[in-house]
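Listed below are the residues making up each chain.
There are 6 protein chains.
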Amino acid sequence: MRGFIIGRFQPFHKGHLEVIKELSKDVDEIIIGIGSAQKSHTLEDPFTAGERILMITKTLSKYDIIYYPIPIRDIEFNSIWVAYVKSLTPKFDIVYTGNPLVRVLFEEEGYKVKTPKFYNRKEYSGTEIRRRMLNDEPWEHLVPDEVVKVIKEIKGVERLKKLAKSDKYENKT
Amino acid sequence: MRGFIIGRFQPFHKGHLEVIKELSKDVDEIIIGIGSAQKSHTLEDPFTAGERILMITKTLSKYDIIYYPIPIRDIEFNSIWVAYVKSLTPKFDIVYTGNPLVRVLFEEEGYKVKTPKFYNRKEYSGTEIRRRMLNDEPWEHLVPDEVVKVIKEIKGVERLKKLAKSDKYENKT
Amino acid sequence: MRGFIIGRFQPFHKGHLEVIKELSKDVDEIIIGIGSAQKSHTLEDPFTAGERILMITKTLSKYDIIYYPIPIRDIEFNSIWVAYVKSLTPKFDIVYTGNPLVRVLFEEEGYKVKTPKFYNRKEYSGTEIRRRMLNDEPWEHLVPDEVVKVIKEIKGVERLKKLAKSDKYENKT
Amino acid sequence: MRGFIIGRFQPFHKGHLEVIKELSKDVDEIIIGIGSAQKSHTLEDPFTAGERILMITKTLSKYDIIYYPIPIRDIEFNSIWVAYVKSLTPKFDIVYTGNPLVRVLFEEEGYKVKTPKFYNRKEYSGTEIRRRMLNDEPWEHLVPDEVVKVIKEIKGVERLKKLAKSDKYENKT
Amino acid sequence: MRGFIIGRFQPFHKGHLEVIKELSKDVDEIIIGIGSAQKSHTLEDPFTAGERILMITKTLSKYDIIYYPIPIRDIEFNSIWVAYVKSLTPKFDIVYTGNPLVRVLFEEEGYKVKTPKFYNRKEYSGTEIRRRMLNDEPWEHLVPDEVVKVIKEIKGVERLKKLAKSDKYENKT
Amino acid sequence: MRGFIIGRFQPFHKGHLEVIKELSKDVDEIIIGIGSAQKSHTLEDPFTAGERILMITKTLSKYDIIYYPIPIRDIEFNSIWVAYVKSLTPKFDIVYTGNPLVRVLFEEEGYKVKTPKFYNRKEYSGTEIRRRMLNDEPWEHLVPDEVVKVIKEIKGVERLKKLAKSDKYENKT
Chain F
1 MRGFIIGRFQ PFHKGHLEVI KELSKDVDEI IIGIGSAQKS HTLEDPFTAG
51 ERILMITKTL SKYDIIYYPI PIRDIEFNSI WVAYVKSLTP KFDIVYTGNP
101 LVRVLFEEEG YKVKTPKFYN RKEYSGTEIR RRMLNDEPWE HLVPDEVVKV
151 IKEIKGVERL KKLAKSDKYE NKT
Chain R
1 MRGFIIGRFQ PFHKGHLEVI KELSKDVDEI IIGIGSAQKS HTLEDPFTAG
51 ERILMITKTL SKYDIIYYPI PIRDIEFNSI WVAYVKSLTP KFDIVYTGNP
101 LVRVLFEEEG YKVKTPKFYN RKEYSGTEIR RRMLNDEPWE HLVPDEVVKV
151 IKEIKGVERL KKLAKSDKYE NKT
Chain C
1 MRGFIIGRFQ PFHKGHLEVI KELSKDVDEI IIGIGSAQKS HTLEDPFTAG
51 ERILMITKTL SKYDIIYYPI PIRDIEFNSI WVAYVKSLTP KFDIVYTGNP
101 LVRVLFEEEG YKVKTPKFYN RKEYSGTEIR RRMLNDEPWE HLVPDEVVKV
151 IKEIKGVERL KKLAKSDKYE NKT
Chain L
1 MRGFIIGRFQ PFHKGHLEVI KELSKDVDEI IIGIGSAQKS HTLEDPFTAG
51 ERILMITKTL SKYDIIYYPI PIRDIEFNSI WVAYVKSLTP KFDIVYTGNP
101 LVRVLFEEEG YKVKTPKFYN RKEYSGTEIR RRMLNDEPWE HLVPDEVVKV
151 IKEIKGVERL KKLAKSDKYE NKT
Chain H
1 MRGFIIGRFQ PFHKGHLEVI KELSKDVDEI IIGIGSAQKS HTLEDPFTAG
51 ERILMITKTL SKYDIIYYPI PIRDIEFNSI WVAYVKSLTP KFDIVYTGNP
101 LVRVLFEEEG YKVKTPKFYN RKEYSGTEIR RRMLNDEPWE HLVPDEVVKV
151 IKEIKGVERL KKLAKSDKYE NKT
Chain S
1 MRGFIIGRFQ PFHKGHLEVI KELSKDVDEI IIGIGSAQKS HTLEDPFTAG
51 ERILMITKTL SKYDIIYYPI PIRDIEFNSI WVAYVKSLTP KFDIVYTGNP
101 LVRVLFEEEG YKVKTPKFYN RKEYSGTEIR RRMLNDEPWE HLVPDEVVKV
151 IKEIKGVERL KKLAKSDKYE NKT
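Protein chains in written order, with full-length UniProt numbering: chain F, 1 to 173; chain R, 1 to 173; chain C, 1 to 173; chain L, 1 to 173; chain H, 1 to 173; chain S, 1 to 173.
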């Protein structure tokens, strides 16, 4: 049996890892959708899809889990989103999500949907981790070691801090 | 003479119907643009274009009005929007709108634009109807009977309530 | 029961009309997808979606058929095409098509698909009708009277002939 | 040496002109990216790309500056934005920007980036100028004379005021 | 009076230059649309929009002509193409084209359209020039000197030859 | 060191496998771009990106190779294609391709590009394998066993044969 889960993974943290480890007891293979794949270089979405795939792959290579990390672009057209996901992924039987929209969209297409158990959502949170990065507070313990390494390599914290230097004067253009 | 009117129709309500009945005294045929056609499954835009076409067609079949319901996708490019509308619709002579942007865009292309009279805008309002649906308050009297039937058939209120169960934790991805 | 049929209708001809009349014996309502809705002003696809809707509506208004003419844009992404069609149309139970791709796509989504009987395909053919228009041969008897009227009104034959004046020197740009 | 600068120029004002005159001492040629080129007819972005090109060209024709005004559409995909800009522009050696995102994106691609000196940012500001236009306060002294002429010709202030007549009732659709 | 002309300019050659010089006697300012702006790196369209702008600007800077070179992307939606062109360009009064499609599209929008006189079309032809580049035959005399310089600088002939080394085995992907 | 290779993999065959095995001696990790990811259900491109990922993953799981299979959509904009690929992939140092366009695009961005050695290109060829599938000739020995299994599971040959039943009468729409 194959399961599908989606996240933005900005960055991939221990909460994500726990959920995936938990799912791997239920299903044989896990498709990991990398959501908002086209986004990067913003305070909300600092990392590219490629960088996020690297975080996930480096971390999961240590576990005996069969997984497929697949970038999923936002398409702003909810009623075709499930078909879009299906076209990019191997067939799956169950969807794990805590998000009501994802739940509704898959349920209307006849999928079984479960809510995964989340761990320590206050700290294991992309928002919290990015906030800590910006404020020079410790964040490394909230993500797997391999993710720390990837973020260092791509100078992720430096990128985030530069992006925050907005002078509120003008947007990109 | 043919007239053009546009709305999101989330859902199609008695205010819309009154406007269309009123217009039908002015013009021989009415083009009904279904705006934001690509949107659905959100709290603001719960219904698909197809579902909205069904609401309109089922309701208007009872009236002696010649109309063309046509889905119009958002294109985020105002200066070509009128050309886009024109490509999808039979030729029309007059535009009815209360919206300043639509007015400006059509006027700059040389169209005659009129503001329709709106009825009971506080209650005959998509926002108000969706609010009532979410809060189990009566909404059925604000839309034509056929729309009640369509919404029941597609389990529209149920969909809206499920979408509202946001745990504020994460967006789709 | 509702059926779905799709065509480019360049232009809408008597072969199309016969098929639709035939289907109307099988189903209560017919969704008529106007394919390649974004195309117009070429030798293959001279008419806009709006013009084609006009041809269909003017013709069918004489018959006691409930139908929904809906423009469907090409999306060049076969595996999401069915979902795209579904989002723009009222729910349907059966698909009528003679096209293998459309058949495969709908069958893989679990739809029942039937091949309609076609009439006099040599003459009731968009290609043949456009060829006749270009060569000043009679074409009017191959389309419903209302379509003749629409094409005259929009100066369709004139448009086609102007488009054919290619000097083979350069494309649009 | 060629430099690149980008702005929305809604409208092109004396602050922009000062910056460009200043840059022209550093570089031989200036590429002027017209950002959000697809936007127009909103309170934030009232003018089309074509209108903004006209403002810039009419103004700069008086100066001995070699420049290339080039419309740049938003693409909502930060990590390919620099490549997109490069494809539309002659090769350049240096980027001038006060915007952190633009800085990061170009620096990550190996470009040298400088912050231009801005003049009187409180008044030489598109936001301030559009506010004044809406409130019938003097704005003409904040833009070059040629820009006043262009805006009069296209009835820009009139357009802005019409767009502001929102009844807060509904968006375009 | 302002005129509009469009071409792909792959590359900009003496035939183009002659046409533009001729037009400049008729109109005060010329908008030069760079067609298929998104295309580059193919045998048919080797140069980027930015490179083509450079060819045009370097050449025309020697003449006393007011012109606006503006990249125009293909949009594959003929009935909105004129609106798209208008949004990106200063207002114009007349269109010069030898292309039937461009003629029809602008005429249907009420524009006056003229066919420019072309010179020596057998040799002053992008196709011929690219053929010569590939076959090491002289091509330099068919384009303005400045264009020779630009093409050398960007190693254009080298690029074209590399692209021609197709082993007919597979397309890009 | 990480290498990048791209293919359409319609289907993934032993020639692809040999190339990847060969590359794995040169580099530590291989990014496998699944080209034309949006295509499926045609005679040229019968399989979805998800199905192709499954073929690759099932096959390579038997080998001690670190790889990243990543769907890459066609974007029809050559000069931004490399940036697009980079955004979706972990950083790579070398590109393997026999395709001249891919070579030129990456070389112009400063990448080192090598041509892989191909094996038995007459038979280890997607075109040949699809031809055999259509003509009931043996094809199974040309692809890895796992790919045979995947194609059986998704009824790939059946799909291909249905798609081939074109009556040459009309395209999708």
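If you're looking for bench data, these hints aren't it; they were derived computationally from the structure.
Remember, it's a predicted structure, so these values are computed and weren't measured experimentally.
Treat each hint with caution, since some may be false.
Using C-beta positions, here's what the derived DEER-type ranges look like [said to hold, decoys possible]:
| id | chain 1 | residue 1 | chain 2 | residue 2 | range |
| --- | --- | --- | --- | --- | --- |
| 1 | L | T115 | H | R132 | 41 to 49 Å |
| 2 | F | E108 | C | K122 | 51 to 59 Å |
| 3 | L | I65 | F | L43 | 48 to 56 Å |
Think about it this way: if two alpha-carbon atoms lie no more than 25 Å apart in a straight line, the pair counts; the simulated PhoX-like pairs of lysine-lysine are [stated by the list, open to error]:
| id | chain 1 | residue 1 | chain 2 | residue 2 |
| --- | --- | --- | --- | --- |
| 4 | S | K91 | C | K117 |
| 5 | R | K62 | C | K25 |
| 6 | R | K161 | R | K149 |
| 7 | L | K122 | L | K86 |
| 8 | C | K112 | S | K112 |
| 9 | L | K14 | H | K62 |
| 10 | L | K21 | H | K62 |
| 11 | C | K117 | S | K165 |
| 12 | R | K62 | C | K161 |
| 13 | C | K62 | R | K58 |
| 14 | F | K86 | C | K117 |
| 15 | S | K165 | S | K25 |
| 16 | F | K58 | S | K165 |
| 17 | C | K162 | H | K86 |
| 18 | S | K155 | F | K112 |
| 19 | F | K112 | C | K112 |
| 20 | L | K86 | R | K112 |
| 21 | F | K21 | F | K86 |
| 22 | H | K155 | S | K114 |
| 23 | S | K165 | L | K86 |
| 24 | R | K86 | L | K62 |
| 25 | F | K58 | S | K25 |
| 26 | R | K112 | H | K112 |
| 27 | C | K21 | C | K112 |
| 28 | F | K112 | C | K117 |
| 29 | C | K161 | R | K91 |
We put the beta carbon where it would ideally sit given N, CA and C, even for glycine.
Practice item. Take the C-alpha atoms of K162 of chain C and K86 of chain H, compute the straight-line distance between them, and say whether it is at most 25 Å. Key: Given that 25 Å is the threshold and the Cα spacing comes to 22 Å, the pair holds.
Check your understanding: Can the restraint linking K122 of chain L and K86 of chain L be considered satisfied, given a maximum Cα separation of 25 Å?
Key -> Roughly 32 Å separates the two Cα atoms, so the pair is violated.
**Study point:** Hint consistency between K21 of chain F and K86 of chain F [alpha-carbon to alpha-carbon, up to 25 Å]
**Key:** Holds. K21 of chain F to K86 of chain F sits at ~23 Å (cutoff 25 Å).
Review point. I65 of chain L and L43 of chain F, beta-carbon distance inside 48 to 56 Å?
Key: violated, 36 Å
Review point. Is the straight-line distance between the alpha-carbon of K112 of chain C and that of K112 of chain S 25 Å or less?
Key: Not OK: K112 of chain C and K112 of chain S at ~52 Å, beyond 25 Å, violated.
Review point. Is the Cα-Cα distance between K62 of chain C and K58 of chain R 25 Å or less?
Key: With Cα atoms ~19 Å apart, K62 of chain C and K58 of chain R stay inside 25 Å; holds.
Practice item. Below or equal to 25 Å on CA atoms is what counts here, so check K155 of chain H against K114 of chain S. Key: holds, 21 Å
Check your understanding: Does the structure keep K14 of chain L and K62 of chain H at a Cα separation of 25 Å or less?
Key -> Outside the cut-off at roughly 29 Å; violated.
Point to revise | Holds or violated: K86 of chain R to K62 of chain L, with C-alpha atoms at most 25 Å apart | key: Violated - the C-alpha atoms of K62 of chain L and K86 of chain R are around 41 Å apart, more than 25 Å.
Point to revise | Hinted pair K161 of chain C and K91 of chain R, Cα distance within 25 Å | key: Holds. K161 of chain C to K91 of chain R sits at ~22 Å (cutoff 25 Å).
**Study point:** Satisfaction of hint between K161 of chain C and K62 of chain R, Cα-Cα up to 25 Å
**Key:** violated, 43 Å
Review point. Under the criterion that the straight-line Cα-Cα distance not exceed 25 Å, is the pair K58 of chain F, K25 of chain S satisfied?
Key: holds, 20 Å
Checked against the numbered hints given earlier, this structure breaks hints 2, 3, 4, 7, 8, 9, 12, 14, 15, 16, 20, 23, 24, 28; the rest are met.
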